[in-house]
Each structure stands twice: as structure tokens, then as C-alpha cells.
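A.B. asks: Below, each chain spelled out in residue letters.
Number of protein chains: 2
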Amino acid sequence: MSNLTLKDIEELLRKGNKEQIEEAIDSIHPADILEIIHDHPDHADLILSKLPNDMIADIIEEEDDEDDQYTLLTSLLKDRQREILDEMSDDELADIVGELDEEEKSQVLSNLDHDDKQTIENLLTYDPETAGGLMTTDYISIRAKNTVLDTLNYLHSASLEDLPKYYLYVVDKDGILKGVVSLRDIVESSFDTPILDITNENVKTINYLEDQEDVAKTFMKYSFIMMPVVDDENRMLGIIEIDDIMDVIEDETTEDINLMAGMSGEERVDSTLIESYISRVPWLIVNLATAVMAAAVVDKFSGTIAKVVSLASIMSIVTGMGGNAGTQSLTILVRGLSLGEIDRDNALKIFFKEVGVGLLTGITIGIFVGLGSWWFAHNPWFGLVAALAMILNMVAANIAGYLVPVVLRKCHIDPALASGVFVTTVTDCLGFLFFLGLATLFLPLLVQ
Amino acid sequence: MSNLTLKDIEELLRKGNKEQIEEAIDSIHPADILEIIHDHPDHADLILSKLPNDMIADIIEEEDDEDDQYTLLTSLLKDRQREILDEMSDDELADIVGELDEEEKSQVLSNLDHDDKQTIENLLTYDPETAGGLMTTDYISIRAKNTVLDTLNYLHSASLEDLPKYYLYVVDKDGILKGVVSLRDIVESSFDTPILDITNENVKTINYLEDQEDVAKTFMKYSFIMMPVVDDENRMLGIIEIDDIMDVIEDETTEDINLMAGMSGEERVDSTLIESYISRVPWLIVNLATAVMAAAVVDKFSGTIAKVVSLASIMSIVTGMGGNAGTQSLTILVRGLSLGEIDRDNALKIFFKEVGVGLLTGITIGIFVGLGSWWFAHNPWFGLVAALAMILNMVAANIAGYLVPVVLRKCHIDPALASGVFVTTVTDCLGFLFFLGLATLFLPLLVQ
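First to last, the sequence lines map onto chains A and B. Just so we're aligned: 380 in my numbering is position 356 of the first sequence, and the numbers increase by one with no gaps anywhere. Just so we're aligned: 294 in my numbering is position 270 of the second sequence, and the numbers increase by one with no gaps anywhere.
Same shape as in the complex, but just chain A (with noise of 0.2 angstroms):
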């Protein structure tokens, strides 16, 4: 077996003559292709220049950002990108073209035949994160009357090549979908079974107005490789692929991480700087407002802290800790929530184990926290403070932690938003309260 390393590859396709390429070009994955394309820019003209159409349309649909699709489009001549553009599958290419402005799209499409032309500006007209939007029309469908052999002789013909084939959609005359038949049903079967015997009449089927992370989270239950995508009458529209459930899910998650920590879903490690500062600045502006607030709680108690300045070093400590706690709780719910695990039936014991979690943790930290504060400053009052205001606010913490994710969510605003922002907040401004309130309320005790 000759497993050909990256190396080789880089090798052949850099050195290589046409024809030798040509002779290895079954055994090189386009993704390897991609790879070597991505760490020699340089060389991407020369090595697409050697390669066959059918290849270059792997490679684009390989690469994952739509801008360098379509620099990699462009970047070949004008016939050759025809033909190229006549081997991508239409999902691959609704997205790219979806991603243009105007005039490039313009001539994009100017380049494509007129049935495919049409498929993609109907593709077009799907919501990008619904399942039209990710669906392809390159799907095989098939009539129920035929036997396992006839839609083997079928499957030979040529014209199919490259189609997904896991499963076959048998439809009626009008495109109605009425069931699915496994390939590996079929290659099981006996040569004279007819397909109706096989083909299961309960496919699961998706809405081709559902959002994409539901979409997800459907092939996630039943582990599928790959769906049907039908209309309200149960017309079969498209198939969606697991590969492309797979980019979902890696966005979805990109989106809810990015989310909590206050920035834009779109962010990422690549994103430019003004791209990053447009992304960040926002939530940093709304965080400012709340930190205000915390800060407008101290200066109620400047009189406090200018009678017993050891508070100001304290302090931040108290708010500090339940930020963290606050944090932790906030995840496990928002991951929760995302993850579909958390239901009207198991709502309220989460919510009371999160305050059990609050105290306890309080409880440990606050005895860390009030020995501490006696020790610091000589007055076991003072650490009596802190501890109590410690308690108080990691328990406050956990409830925010469970209260903004929840909140956002029945309002139907995604429950990662700035969910941290709104949970530091708080555990800011409840921190100082707690805190300082109690100093003031001990203050004869403090000042000995």
C-alpha cells in the first residue's frame, strides 16, 4: 500500500508532470490538497494549474470560508472555471455565490448552465441557517415498482456518479416523498426483492424551514448520516449530509462560546482587528454601564471604607469569588440549554441544586475568606463580615447563574447573550452591597 504522506503529495503535485498527477490523483484526499494549498499560497497557481476540474471542485468545496472559495474560483482561468463551477454541487455553490456581492455573483452565475443556474438562485431564496438553506438537490430518488436489481442496473448508469448514495428517496409522480431505502438493505437484499419490500414508509423527515441547530440536534438523536428535506406537502426538496451537520455544530458552538463571553458569534481566531474591535467593543460599552453601577454601590459606602480602609482591599475578593462561581454555574446551564438537556421536568431541581452548590461553596470559601479577613485585620467581626457577605453572594451568584440563561431564553434571545456580563454584574453589585452593608451595619465593631 503506498499511503502517500503530505510530503508526497506536496511532492508530485509541485514537481509532477500532468500525467504523473493524473496517475495518483485517485489516492490524494482534495482536503491534503487544500492543506498544502493553505501553507504554500505561493504555489496554489501552479499546482491548480496541473490538476483535473473535477479535483479543483473537491478542493473548493473542501475549503470552509466562502471568500477563499471564491478567491480560489477566480483564481483560474475564465473557461476553466466553468467547468469547474459545473462540478460543484449546488449546495457548495449557493453558498459561495450567497457570499458575493452583486456583481461578482452576477458573474458567477453568467457562467453557469441554465438549469443549474436556476437551482442555485432557488437555493438562493432558503434562509442560509435554516435546512433549505444547507440542503443539496443531488439526491437519487427512486420508484417503489422496481426490484432490487433494476435499481442496482439503475445506480450503473453514469449520470449518478458522485451523488450521495448511503440512501435512496422513493417519491411518487409528484415528488412526494414515501420512504427510504438504506444502500445497505439494498446490497442485503436478494436481486429479485422488490424495493417496496424494503423501503421504510416512517422516514424522518425535516421542514425546510427549520433552523439549522435543530436540524442538528434531530441528527444528533438518531444518528443519521444523512436526511430528507421536504415541504409542508412532504415534497422532497433535498438531502442534508452529516458533514455539513458537523460545520453546524462547530458553529453553533464557536457562536454560543463567544456569545457568553460578550462578543460577536461571527468572531474569529483569523477575524481582523477592526473586525475583532467591532466585535468586542459593544459588549465591553454595556459591561462599562454595569461596572458603573458596582462602582456607584461603593461610593454609597465611601464613608464606610474612609472610616475602615482595609474593607477597600477585601472587598474585591468577596465580588471577585462570586464572579467565578457565577461563571461556572452560567456554563454548565448555557451548555445545558444547548445541548437540549434541560426540560420543564428537571428545571427546578437544577435550579435548587444550583443554590445548594451556591451555599456550600460559599459556605468553604466564606470560612477561608472570614478566617483570613480576622487574621488581616486583627477584628474576628470583620471576618465575620466577610464570611456572611461571601455566603450571600456566591448563593446570589448561583441563582444569577441559573436566572439569566433561563430569562433569555424564555424571552427567545439565544441564553448565551453577554450571559456573563449579566451575571458579573450581580455578583459585582450584590457583592459590594453584601459586603459593604454589613460592614456599615457592624461599623462600631469594625472601627475598635
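Each hint should be verified, as a subset may be incorrect.
As the list makes no split between identical chains, a pair holds if one copy fits it or if it spans any two.
Claimed, not checked - Pairs of lysine-lysine, DSS-like flavour, derived with a Cα cap of 25 angstroms:
#1 K169 / K228
#2 K42 / K31
#3 K31 / K228
By construction, these hints were calculated from the structure, which means they are not laboratory data.
Chain B: place on chain A using the hints.
C.D. replies: Quick look at chain B alone, frame taken from chain A:
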């Protein structure tokens, strides 16, 4: 088409008799039955008693939680247990058995026939977080000398039922992997095609020792739905399927998110109170130590605060905003590292971008904070101190957000590990230092 809703299925399972259920069983997905059992745990025994063994095996395989799998299994009569274990795939069985204590383990193993028992004991020798721990030995291997027709006839043999069949693996007599044939190629090729002609010899393999996170990355890169696992001599050991990879991705992502927030990677929303407490309290204690460091910084400047008490109100704005900016930067970096988007080529560029973002957001927020503090203290110098400290701390925050995960990665520690705690330590300590240090420098101008 009789598309059964969850409610239909529930009614059928609860009220139907064995025969009615038997008839409909092919159009019911085990994941749906599992959902019904989860929603109505009190009906579980009744429902299970009416279902055939292979369906129960499928339902147990759908359950993600190994403890719940075991509970489901043991809720059945002893003689049924044996039959159901027989129906289950070996990787799932190994996962369950791996989670049991010694007594339960030997009880389950004693219920298996000799061959299965050996397979499971063999699978248990692999680290569960590696390719070996993920794989199943249920795959189909064929010999290269056959034709497509021979192979189809072989696949028709009943004993192969339920084995995943998207890819068939060509091995020699020593079990050395020679190539892969996709089911697509088989159905696309005429019956007399020799298998050798459609065998891809350059098959991508996974070494059994490979970490599951790397395995997931390989699946993502190549969009595979199944990959073979081999030993160092390229001997075929098993296969990994995409649905196991999706579980890995979900778990690894949750683990990353948890670690970033300073929790155990294993905590979930349904963890018990004690599990959550044990998961969270260690990092809270670490965080307490770092909070004490920050408090010590404040304490060093207590003389300054005593003279200008309003510093105590503003200082938490400087640290809090820094903490948020640091978390943003950290979040982008940790996610980028875990998706493999950061390498030697772009690391420096990303570093300078983060510094730039810190500077830009620092100036933006610094202007607000400076003007606000000026107004608050009726003193432009107060505003200047706050603005400068804000800018310095934002830049420090973004540098810390970059360096903490990158350094952890360099030390072969998971970059997500409590990195939030480390970053806020930096922003708290430096924030207080910058602000109170500058205030001390400018003290004569502030006490006017």
C-alpha cells in the same frame, strides 16, 4: 405514509399488545422509545417487557450515559439480559462494562459467550479516550480477488446483518489492511468488476493509540463517516463511525467550556449536588489565592486610598473591564487552539492583533472611564489616571488572554484549563497596580 409521532408511539407501547408492537416496530426509531422512557420512567418496565430483544439492545445503545445503560440492562430479567447483551455492538458493551465496578463487571461478563467475552476484555485494554477505546470490531473485511457480484452475494448472507456497511475493508491473510471499497463503488460498478479495480489502496487509517480529539479532527478534515483503526504493523483492529465521533466532539467541547470556567470536565447539568461541589470548589480555592494576591496589591496602596476614598469606587471598574476584555481574547484563543486554527505561521500575527485590539478597546473604554471619573471626582487628573490605567490594563488583558492558553499548550496542558482564573488574576492584580500606582504618583494632584 404513516409517520408516527412520539405520542402515537407512546400510546402504542403502553396500550398495544406484543403483536401490535411487533408489527410497527420497524418504523419506530429506538431513540424515540428512549425519549419516551426518559419522559415516563415509571412506564419503562412495562414498555421494555413488550419489546423484542434487538430493539432493547438498540435502545440501550442510544443511551449516552453509561450508568443509565446499566440500569436499563439490569431492569430486565436475567435470561433476557443474556440475549440482549448478545445483540449489542462490542464497543458499546465495552463502554458500559468499563464504567462498572468489579462485581457488576464480572456479572455482565459472565452473561456473555466466550468469544464476546474475549472481545470485550480485549477492547477494555485500550484507553477509552483513544482510537482503540472508541472502535468497534464489528466491520466487514473482504478479499481482493473477488468480483462485485461475489461480494454482493457475500453481503446477502444473513450473518452480516447489522454490521456497518458503508465501507468494506480489504485485508490479506494476516489481517494487514490493503485497501478500502465503498459501498457506493460496489453498487456503481458492473457485476463482473474485480474488487481490486475499485479498491482504494491509499486508505487513511487511524493508529489505535491516537487521542480521540485528534481522531475527531481527522474525521472533520476529510468528512469521513467511517475510518479503519490499525496497529503499528497496519493490521486492521476495528472501525470508528461518525456517530461516535459526534459524541466525542460534544464531550470534548463541553470539557473545554467547563475547564475555561474552572470546573471539572466531567460536570454536566444533571450532576448531583456533591459532584458539582467537588467539580467547582478546587478552582474556587485556587481563585481565592489569586484574589488574595489582588487584595494584597490594594492593601499596599491603602495609604493612597485613605487620602482619596473615591479611588475605591473606580478601581473595580478598571479591573472588571480588564477581566472582560481578557475573557474575550482568551475565549477566541482557546476555541482557535481547540479547532487547530492556530499554528506557527499565524501565531505572531494573532498576538499583535490581540495587542492592537487591546489598545483600541482600551482607548475607547479609557476615554469613557476618564471622562466619567473626571466628572465624578471634579478633577481632570483623576480622569487621566483612570484613563491611562484602563488603557494599560486592557492591553495587559489581551496579552494575558493570548499568552495564558498558548503557554499552557506549550507545557502540554489543556489550554482551556482554568485559563479564565489565570487571566482574571493578571487583570485584577495589574489593574489595581496600574490604577492605584498611577494614583499614588499623581497623589498631590488628586488631593487638591
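A.B. asks: Please sort K169 with K228 into within, between, both or neither, judging by C-alpha distance up to 25 angstroms.
C.D. replies: within (22 angstroms within a copy, 39 angstroms between copies)
A.B. asks: Evaluate K31 and K228 at a C-alpha cut-off of 25 angstroms and name the case that applies: within, between, both or neither.
C.D. replies: Answer is between; shortest inter-copy Cα gap is 15 angstroms, intra-copy 44 angstroms.
A.B. asks: When no copy is specified for K42 and K31, does a C-alpha distance of 25 angstroms or less occur within a copy, between copies, both, or neither?
C.D. replies: Classified as within; 18 angstroms inside a copy, 60 angstroms across copies.
Every hint, counting from the list given before, is met by this structure.
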